[in-house]
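As they're listed, the protein sequences go chains A and B.
Heads up, the first sequence is in the numbering used here, so the first residue is 1 and it goes up one at a time.
Heads up, the second sequence is in the numbering used here, so the first residue is 140 and it goes up one at a time.
Think of the hints as simulated: they come from the structure by calculation, not from any bench.
Keep in mind it's a predicted model, so treat the numbers as computed, not measured.
Treat the hints with caution; some may be incorrect.
Claimed, not checked - Think about it this way: if two alpha-carbon atoms lie no more than 30 Å apart in a straight line, the pair counts; the simulated DSS-like pairs of lysine-lysine are:
1) K42/A x K468/B
2) K32/A x K498/B
3) K533/B x K54/A
4) K49/A x K545/B
5) K54/A x K498/B
6) K54/A x K545/B
7) K110/A x K164/B
8) K544/B x K32/A
9) K498/B x K49/A
10) K32/A x K545/B
11) K110/A x K498/B
12) K544/B x K54/A
13) K126/A x K468/B
14) K110/A x K354/B
15) K547/B x K32/A
16) K544/B x K49/A
17) K256/B x K42/A
18) K533/B x K32/A
19) K533/B x K354/B
20) K54/A x K547/B
21) K547/B x K49/A
22) K468/B x K32/A
What the hints assert, rightly or not - Selected chain A positions facing chain B (in silico; Cβ < 8 Å):
23) Y24
24) I28
25) L30
26) A74
Just so it is clear, CB atoms sit at the ideal spot from N, CA and C, and this is done for glycine as well.
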Amino acid sequence: MKIETIQNELIEEFSMFDDWMERYEYMIELGKSLPLIDTKYKTDENIIKGCQSKVWLHSEFKNDKVIFSADSDAIITKGIVAILVRVFSNQSPQEILSANTDFIDAIGLKEHLSPTRANGLVSMIKQIKMYALAYQTQQ
Amino acid sequence: MKNTAQNTAFDVHKIRKDFPILNRKVNGKPLVYFDNAATSQTPQQVIDVITDYYSNYNANIHRGVHQLSQEATDRYEEARQTIQKHFNAKFAHEIIFTSGTTHSINLVAHGFGAILKKDDVILVSALEHHSNIVPWQMLCEKTEAILKVIPMTIEGELDMNQFEALLKLNPKLVFVNHISNALGTINPIKTIIEKSHNVGAAVLIDGAQACPHIKPDVQELDVDFYVTSAHKMCGPTGVGMIYAKEQWLKKLPPYQGGGEMISEVTFEKTTYADLPHKFEAGTPNICGGIAFGAAINYMNAIGFDTIATYENELLEYATKQLLAIEGLKIYGNSKQKTSVISFNIENIHAYDIGTIIDKLGIAIRTGQHCAQPIMDFYGISGTARASFAFYNTKEEIDRLVEALKKAKMMLG
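With the hints as extra help, turn the sequences into a complete structure.
Okay, here's the thing in structure tokens:
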């Protein structure tokens, strides 16, 4: 599925909710339901340091697609991590590099991607793009 | 006597009218501001002073011959005297304006760069904010002095037996905060100063967290350096001060070169200005300094005893209400503490708690509170911290408790 299609799917899913509590509860569920990262990849090298919540990000390159797995120690961060993995994983480096994250705004979670927010998510997106760039140059 | 009666009848609802920000809504809910240990809110009386400065007498100080400059200089120096009286310093020139506590500590640390020698020992407490750790580490790198840490106990207090043992190393300097920002513990600084002096060590007290709650008497404490920030005590950000004994200020070299801090300049030699100007290079935060004085006057008009009594009431009430939440643990249980509660709820990340209750209009702080060594000591990644000021109410604490229960339901 194309990145844009997945993003539109998410926008539609989140549009069902009337208020922030329902949106957050859904996001928390997304975080809980996904087996995010193999414990052996939960290493210090894969850690992205936010000041407060930590994010682990691991990538593999299989059949010209980048496969991401990730985790976080905070559950709200983990929910957004799950959303980002759903959007960016299993895509080609080119598609990842040309994609944007405007859909986060559309699903009402913009504040979590503010650069001043100390949760490591902005760095995570940067890191996702870095991996994509690295795999692209390998091709 | 009538006065006393009025003072004891503390009317928080009347006080709240002084703070325009308390009327605003956050995420559609009335704001509950419990991040006072990070910065306090500003009363209209102080805001008016800031507006008045820029509306009526904004000018550069000390050298101007014109009327505005004279007015601004007078008001700035009046503020210095207000601060001097508040802290009971012997001389006004023992008060140095800085940009805040961090600047103050760096200024003193820089000065000691010229005094310390290799292998000299300096002591820092385990309860410090990063701003009272890093400048001393930098100083130790420069001078090859040795930094030793006064350990803390599980209650969040300093281990005074260990402190006494460390004094046998004949430290040259001891740095302790008056009150821990992460836990709220009030340290026994009078004893620490006395015992440090007995072995010939100078003492710097970081008063950033204490000054909103306590009125320190620097002469009675006999402290060498006492530093604080205006924005923790109803003043503006970007201004603070150092109190230092005159003898120290004479001894320490200037921190920054520039205008205002000199008396004579030729290319061969510069003579430094007298105190306090030797340490105040460049155009200072004039408006900030004047507003700092106004903030101190505002707090004194309410009275620090009144403030302490009321805040203790809030602390006791909040402690009791919070502990009733299942799985909630408070860090820092000293009997001597101010209105700061650092806590975690079992299996829930502090960041998640902060995020959810922000949605409910409640501002608290989450994370390490710039005190990573304390978090490491407890083996936790951080805490949620609610800190109360005299303009907070029990009803607001009830809202915090409700919000935490909701967060727990969503996150648990």
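Hints, verified against the model:
no. : hint            : in the structure
1   : K42/A x K468/B  : 28 Å, holds
2   : K32/A x K498/B  : 21 Å, holds
3   : K533/B x K54/A  : 34 Å, violated
4   : K49/A x K545/B  : 28 Å, holds
5   : K54/A x K498/B  : 22 Å, holds
6   : K54/A x K545/B  : 24 Å, holds
7   : K110/A x K164/B : 20 Å, holds
8   : K544/B x K32/A  : 20 Å, holds
9   : K498/B x K49/A  : 24 Å, holds
10  : K32/A x K545/B  : 18 Å, holds
11  : K110/A x K498/B : 13 Å, holds
12  : K544/B x K54/A  : 24 Å, holds
13  : K126/A x K468/B : 36 Å, violated
14  : K110/A x K354/B : 43 Å, violated
15  : K547/B x K32/A  : 15 Å, holds
16  : K544/B x K49/A  : 29 Å, holds
17  : K256/B x K42/A  : 45 Å, violated
18  : K533/B x K32/A  : 36 Å, violated
19  : K533/B x K354/B : 24 Å, holds
20  : K54/A x K547/B  : 20 Å, holds
21  : K547/B x K49/A  : 25 Å, holds
22  : K468/B x K32/A  : 24 Å, holds
23  : Y24             : 6 Å, holds
24  : I28             : 7 Å, holds
25  : L30             : 14 Å, violated
26  : A74             : 4 Å, holds
Of the numbered hints listed earlier, those contradicted by the structure are 3, 13, 14, 17, 18, 25.
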